[in-house]
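Q: These are the residues of each chain, in order.
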Amino acid sequence: MSAHLTRTFLGISRADITPPVGISANPWGKSYSALSRGVHRPLTATAVAIRGENSKLRFIVGLDLGWIGCYECDVLNFRTRVVRELGIEIDDLLVNLSQTHKGPPFCIHEALREGKELVPAYIEKTINTVISVCRQAAANVVEVDITWGYGKCDLGTVRDLVVGDEVVVGYNPDLRPDDTLVVGRVTNLSGKSVATIVNYGCHPTSVGWGSDLISPDYVGRAREIVESATEGPMLFLLGACGNVAPKIQYSADVSVADKNGEMLGYATLATLAGMLPPATEYRFHQVITSGTNLGDWQPVPITPNTEISAKKVRAKLQHKELLDEAQMHKLWSPVTANETFLNFRIRKQFEMRIDYVQGDGTVLHPIWIWRLGDAVVVAHCGEAYFEMAQELRRRNPNLMLLFLDMTNGPGYIYVPTRIAYEQNTYQSQQSLLAPGGFESMLEVIEQELQNL
Amino acid sequence: MARPDLQPPKAKSVHAPFSATLTAGFAQRVINPPVGIRAASWGAAKIHVATGIHNNITTTALAVKDESGKFQYLVTVDWGWWQGKSDDLSVRGVVLKELGIEENQLQLHLTHTHAGPSTATDVSHLEGGEFVAEYHKFATSEIIAACKQAAKNSIPATITWSYGKCDLAINRELPCGEIDIVGFNPGEPADDTLTVGRVCDANGKIIGTVVNYACHPTTLAWKNSKVSPDFVGEARDIVQAKTGAPMLFLQGASGDLAPRDGNSGDTEVADKNGRILGFATLATLEKMITSGKKMRFLEAVESGALLGDWEEVENQAPNTTAAVRLDIEVPLQKLPTIEELRERWKEVEEGARETRINRAMKLRAGYVLEGGRATHPVWIWQWGDAVIVGQPGEAYSYFQMELRRRHPDRVIFVLNCTNGPGYMYLPTPEAYKRFRYQAWQTLLAQGGLEIITDAVSNAISRLPRILR
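From first to last, the protein sequence lines are chains A and B.
Going by the numbering used here, the letters in the first sequence line up with residues 1 to 452, in that order.
Going by the numbering used here, the letters in the second sequence line up with residues 1 to 468, in that order.
Errors might be hidden in some of the hints.
Straight-line alpha carbon distances no greater than 30 Å define the calculated BS3-like cross-link-like pairs of lysine-lysine that follow [to be verified]: (1) A:Lys30 / B:Lys293; (2) A:Lys30 / A:Lys348; (3) A:Lys30 / B:Lys10; (4) B:Lys242 / B:Lys46; (5) B:Lys293 / A:Lys152; (6) A:Lys348 / A:Lys320; (7) B:Lys242 / A:Lys152; (8) B:Lys223 / A:Lys192.
No lab work stands behind these hints, which were simulated from the structure alone.
So here's chain B without its partners, still in its complex pose:
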């Protein structure tokens, strides 16, 4: 027997999922490099070229039409990181040009595998370097093709956004005396937030998924010489096998996060880690209610107990899009001159020393401006209830946790390793105090992360509000 006299307050009688209704399309391409290509992410490695392929290196593109009818391209590539602006632009610049789009229409993201082919353009003289230029040319053409295909595939789509949980990542800052080293710290919790977007056509069929999770793909390390997307590969295989649609993986703010089981030479460990993420993603997808629906309190029903019954009804998902680019002025550490670097690394063998100096200079090029100033670029896109925050650095998880804490009314995707320049860590103050690797790799002075977080948070607050 229904009890129409019992109703929750009107504001509590509807539960709408985070969603968006947009024109969107996906495409994915395999961009495996040739065996023998330079793949030298680890200083401790004995082998610096790829001896095989563990799992496919891919590029996945999502094209979304903004309110003016232009496409925004969110593109991911199973590569590691850029060393400098020239490397970044050698790919991104060509993609922008070939697509005929403005810089702010593209977020080109690297999933941050540490078992990927070299992304550098200046390694042709090194072992395996002779394959790099040709491979980059091929990969760039495939990225462009994926973007074009994604745009061509675009259809009216409904996107459901949801947070889930994944236990793959652990804190990787292990106190050892006066300093911290990069290793599993069982004493510190790690952010377990998993952010998932399910993109469906008008019939509710999944046409793609977007997965954002923060964890260094460092399962495979110096003992591995196969090219691999690390855990991302197996996670993607699991999700794609279930959904029959491309999964676009976005590396989160993982400066301080890594898998517990890492530093391995065994590709099965990467697959095992991928299963943690893949199954957690599937669980999150199952948590979502039917595409295009929201829940509405139906009625109180007398059964054995007095039951509260909800029903699914049509949901008017928001179609709001917005795009903001920030160039945030950030404080820099005192930057040593080339001579000072030569002095610092005088014990290092000359070739390795010049490589280090070259890398340090590459990091600054295009980032450090005249007068010792620098600005850190951030791209903020709004797609309905979701906000995509991409920036080139390796932010600590504080960045994503703080943005999500401050904006519980939106689902926030936070992307490291996206566009450039600014290919450096964004560490917390503690990292500077504990002389962590991340604090001496970065050009930023202490406080940079907090300045960026506040600026991004303020920008999110200014985005169009959606009544839920």
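Just chain A, same shape as in the assembly:
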């Protein structure tokens, strides 16, 4: 039985990025105040440095933050600065946001509500922390084995629910989600735990508008469980979750986030427990004659795949008819609280289009494809419906596929299936993509995977 293995040079580091209490950290439209009054669990930045071909360094950073959605605050003011400080190219950094809905804005333009005055300094401090945590990860690089495994987790449920003539974002008991969990166990060559990489798709929306606590949502407790059993830090990478959320969500009670986190944490531990020793695969050994003939298998040492490579492709996808500024004013003025929010909303629309919308009715949706030995990381900024990762894994059963939403930018949009457009879901309304974008993007990725 072939295993999915990677041998490479990797370091990990963790830093606390919990903002000061009092910062704006309740982004829910329904919240009465955005002011935070406490911390449920700390927010963290976790960086993995990978030293690949020609000693080239690449980084994957997981942040307990919601979203950026602004070219200026993401590409220009954040990642460009980070990569300059690290001396790497911008495409050698993947920043995956956990998408907690109980954190501060990471776009200064989005800091519009109570506690907004603390946001710019927080963003500045966090950018510096990301730089330093990446440097520390690079300093921690050692030769490691990564043992990859698919597990199963029942936390995520489908969140497109038909009510009346509309589809709301809420638990739908009738539809089956994808339960795939990807776990990478990183050990040094002595077999000691260095890190755990977890890729799972589920909106961190356990905690809703009724709580005034800062929280990493379910990721926090999951991380605590895994780290208490493995010693090394856990890097959480949000997977395809456009239409996936916990069954119990929008709660004012942060214990719901912990309960949801236990599902992911224990599912991760179960997956880790099922792994073979590092750098081994299972081979048939011999027939043993006992009460009957028994087939004896043994894990045997093999040389893991050391191939490291990275590529960026830009999927050319049709976009919808785009509103001009006057149309946005007319459409949104009646439903937006005040001029400030309206201006932000309009500005955001134009930010989303920078380096993305082309003049020919298409967008160029960036996708990063990193080969890490027997695993492939496919990352993009959008929020793809779970069927994207599910279908790619179905078509590529021999690949260990990590699929990352909310990574880098531009492309700050949902990527819904054609059916979601027919149902006129929130996600299809938010997306810039025309119907068929999901299906086209999937084929672009599939082609790249075939070419690996």
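Given chain A, put chain B in place with the hints provided.
A: Chain B in isolation, oriented as in the chain A frame:
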């Protein structure tokens, strides 16, 4: 802003968990045997007595009051399997008598460890056999004590039933030329269904859990000589440490399923396998909503998006209980006579040959009736939305998968190695065609499993229906 104009259809606006409200109590006892006792599950083993204890051998009892006020006892023991009816009744018969209950009030289940003490009553002449009778006496008294304690502990309880997933088991039928051997087959998927019951008191405190999963406890094999509950021990330790309450493990229809990492002499491997099951169980427990509650669509809410908000409200869990016993007529293979068996095993050393013949005859005793007929007993208990199906054989996973497929409106626990007689494999037709061990161990002819499955499925269909 709420949008009261938006509501799902009434039938879709409530999501109730599978549940039950019953009077229930748990008790657990440690029944470790003495070191030195006979423990000889593996033909390839060099040592046939226990040289130590890896993890506790336990018995766990769950007592549930039925609608007439009588207790039903679901009891599990970390032992392997019965060789025959006399062995089974030497324990179960005493338990029934001492509790003063009818046979159908007890499902006595063995978790099927292959590293357990001998369950046979006729081994006193063999090495370590001198400890067996006394140990069985002790264990039986503890099983009885656990049952009595469980009944005494019983309180009004709310049970939430749920399916989860566990990747411990793999298919263990490996094609090798014309035949299949008992070994990991990476090419065939295995049933990953994990069935969990969470039993809570009126305050939502867990008083016990019931875990049903199909996987041969064959992590520890011929190279191990310690007594062990195999992976069940570590799984139980993990779950009990978290819940603070007994976990009752029930071996599912695992005739064709085993751990990938098995046939080991290393108890750490059993613990590792136990972690897969234990953590999967904890994840499933966390999936359950608050005890005694169901989910009801609350309202559509305008936030950044139009959100659908659900709330937890009181749930009227069903208190229905029912019990059915089936004795299903099954076809038998042509059974060789003692002389034919002597001829078949003439190359085998005389002592071992007579042991094999003795075992073959024990298997038939009380099962094969006059005229070459046989009936296979099955106990079917309904506890609210759950159905507990226990039978003595080692059914293939087809049995549980098919029952669950046919009855998605209930949570079905499927138990191998429960009561008796009928301590034999219930294999699929493929097993007969591929000359698998299970097909020549069993007395049943091809088709027996399907007949039993259909009969049980029909019986489940006739159980009281619960409107959900």
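Q: Determine for every hint whether it applies to the structure shown.
A: Hints versus structure:
A threshold of 30 Å between alpha carbons decides the hint, and for Lys30 (chain A) with Lys293 (chain B) the separation of about 26 Å falls inside it, so the pair holds. Simply put, Lys30 (chain A) and Lys348 (chain A) have alpha-carbon atoms about 20 Å apart, close enough for the 30 Å limit, and the pair holds. For the given pair, Lys30 (chain A) sits about 26 Å from Lys10 (chain B) by alpha-carbon distance, which is consistent with the 30 Å threshold. Simply put, Lys242 (chain B) and Lys46 (chain B) have alpha-carbon atoms about 38 Å apart, too far for the 30 Å limit, and the pair is violated.
A C-alpha spacing of about 26 Å is found between Lys293 (chain B) and Lys152 (chain A), which places the hinted pair at or below 30 Å, so the restraint holds. The straight-line distance between the Cα atoms of Lys348 (chain A) and Lys320 (chain A) is roughly 17 Å, inside the 30 Å bound, and the hint therefore holds. Between Lys242 (chain B) and Lys152 (chain A) the CA atoms are separated by roughly 21 Å; this keeps the pair inside 30 Å, and the hint holds. A distance of roughly 27 Å separates the Cα atoms of Lys223 (chain B) and Lys192 (chain A); the hinted pair therefore holds under the 30 Å criterion.
The structure is inconsistent with hint 4 alone, although it conforms to all the rest.
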